[in-house]
Amino acid sequence: MCLAVPGRVVGIEERDGTPMARVDFGGVVKDVCLAYLPEIEVGEYAIVHVGFAIQRLDEESALATLRLFERIGALDEEFGDAWARAADETERAPEEENR
Amino acid sequence: MKYIDEFQDPALARRLLDDIAGTVTRPWSMMEVCGGQTHSIIRHGIDQLLPEQIELIHGPGCPVCVTPLEVIDKALEIASRPGVVFCSFGDMLRVPGSDRDLFRVRGDGGDVRVVYSPLDALRIAQQTPDQQVVFFGVGFETTAPAIAMAAHQAKRLDVRNFSLLVSHVRVPPAIEAIMRSPDCRVQAFLAAGHVCSVMGTLEYPALADTHKVPIVVTGFEPLDILEGIRRAVRQLERGEHRVENAYPRAVRPQGNQVALSVLREVFTTTDRAWRGIGTIPDSGWRLTDTYRDYDAEHRFEVTGLTTEEPTVCRSGEVLQGLIRPHECAAFGTACTPRTPLGATMVSSEGACAAYYLYRRLATPRMEETTSID
Chain V
2 MCLAVPGRVV GIEERDGTPM ARVDFGGVVK DVCLAYLPEI EVGEYAIVHV
52 GFAIQRLDEE SALATLRLFE RIGALDEEFG DAWARAADET ERAPEEENR
Chain G
182 MKYIDEFQDP ALARRLLDDI AGTVTRPWSM MEVCGGQTHS IIRHGIDQLL
232 PEQIELIHGP GCPVCVTPLE VIDKALEIAS RPGVVFCSFG DMLRVPGSDR
282 DLFRVRGDGG DVRVVYSPLD ALRIAQQTPD QQVVFFGVGF ETTAPAIAMA
332 AHQAKRLDVR NFSLLVSHVR VPPAIEAIMR SPDCRVQAFL AAGHVCSVMG
382 TLEYPALADT HKVPIVVTGF EPLDILEGIR RAVRQLERGE HRVENAYPRA
432 VRPQGNQVAL SVLREVFTTT DRAWRGIGTI PDSGWRLTDT YRDYDAEHRF
482 EVTGLTTEEP TVCRSGEVLQ GLIRPHECAA FGTACTPRTP LGATMVSSEG
532 ACAAYYLYRR LATPRMEETT SID
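Those protein sequences? They're chains V and G, same order as listed.
Sequential numbering from 2 applies to the first sequence in this note's numbering.
Sequential numbering from 182 applies to the second sequence in this note's numbering.
Any given hint could turn out to be false.
What the hints assert, rightly or not - Far from chain G by the CB rule (all over 10 Å, computed), these chain V residues:
1. G12
2. E15
3. R23
4. G28
5. V43
6. E71
7. E78
What the hints assert, rightly or not - Label pairs and their in silico Cβ distance ranges:
8. V:G18 to G:A202: 31 to 37 Å
9. G:A387 to V:E40: 27 to 33 Å
10. V:P39 to G:T309: 28 to 34 Å
11. V:E40 to G:A202: 40 to 46 Å
12. G:E187 to V:A88: 27 to 33 Å
13. G:L486 to V:V43: 26 to 32 Å
14. V:E15 to G:R195: 46 to 52 Å
15. G:E489 to V:V11: 45 to 51 Å
16. V:E60 to G:T487: 33 to 39 Å
What the hints assert, rightly or not - These stretches of chain G come out as covered by chain V in the derived footprint (C-beta under 8 Å, 3 or more residues):
17. 202-212
18. 289-298
19. 369-380
Read the hints as simulated data drawn from the structure, not as lab findings.
Remember, it's a predicted structure, so these values are computed and weren't measured experimentally.
Where a beta carbon is used, it is the ideal one built from N, C-alpha and C, also for glycine.
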């Protein structure tokens, strides 16, 4: 959750009076609120944290960060199934104790 | 140099390391504030690549880790009530309260849902008007604007079955508290890059000046961290104590003005307890009186709940940089990421989890570093 992930804006629309975007994070596409970065345009990259774009980022930096996050598994942690992970951790707890 | 090949640009990493080695003349210790930085440092073995004179102290910068037990217990209490849909970020699920966690509450029939954004929780409230929807708002200044916007939208759209359990924390008062501690060994700070993306850097010069401490705003990728360290070492060697921005591609001095204005509308600063550390004056945010109707603590009357932390867990000392994770007797035995005693072992940004994942067995260099302490 602490992680802010760069993504590319692929579509912009207004919802309930708030600017929203579809943002592509290296294959995972999420709804992102643009209230704090209203001037960003389709095709640009932004740092996104818990569904909010907070700052622009150049493409080169964004892609480099995405590659790094993918390699260390951070994208899966940010966008994966948190329930499955929690269940997995709980199931594996006894095994861990025996190590 | 066993880790350096994993850097995005190993040649640049080597140049930065050479520059640091060529600059340093005596021992220095610096604290990386952000848990994401801690994770990156341990994952890439940055502390082991640095000259031995440089000691990195892991800071309290993991919001999951510093959320006090009392607030976790309040969350568990509210989430257990009938008619409540309790929404949280995924990394709060396994944070231990006094006797269970949110994962267990859901197993026992509670309607606990993981959302990606607080606006998702607001949407659930709009779609289920007969349910009370509560969002668990935890985080530093990077997260706070998102929670503030959820409150702002709820009020604007008059969504009355929505409320927030807020436990936000601010970095500058934590730096202040660390510097004021009689045990403080920190001589420079690597400030958290994305916190500064929102807040800017204008809160920091007074801190740097008062405590004569260099503060370098740093990203969390390995090369960003090396560059932050390089600049901090330069300042230390020259006897300087300035605020430097080593992460300009994501941080402007004035921060994000739109976010700051919504933050000021929805939140006001307050004293806040940090798990394992205690109360730090003015270090948190609470909803302003205008937003009191959206405060879950009042709506569900859990304000009086207080709890004691387990004594075996030394995460508070880890969070303050007083001990390293493996110096705690429970580390890796009674306390693992699967059976965490303290939050520093739960969250992937926690120092204990980072040590456990990447260095389960102490390496010779770790022993050396510890003995220097």
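Can you give the numbers of the hints that this structure goes against, from lowest to highest? Violated hints (numbers, rising): 7, 8, 13, 16, 17; every other hint is consistent with the structure.
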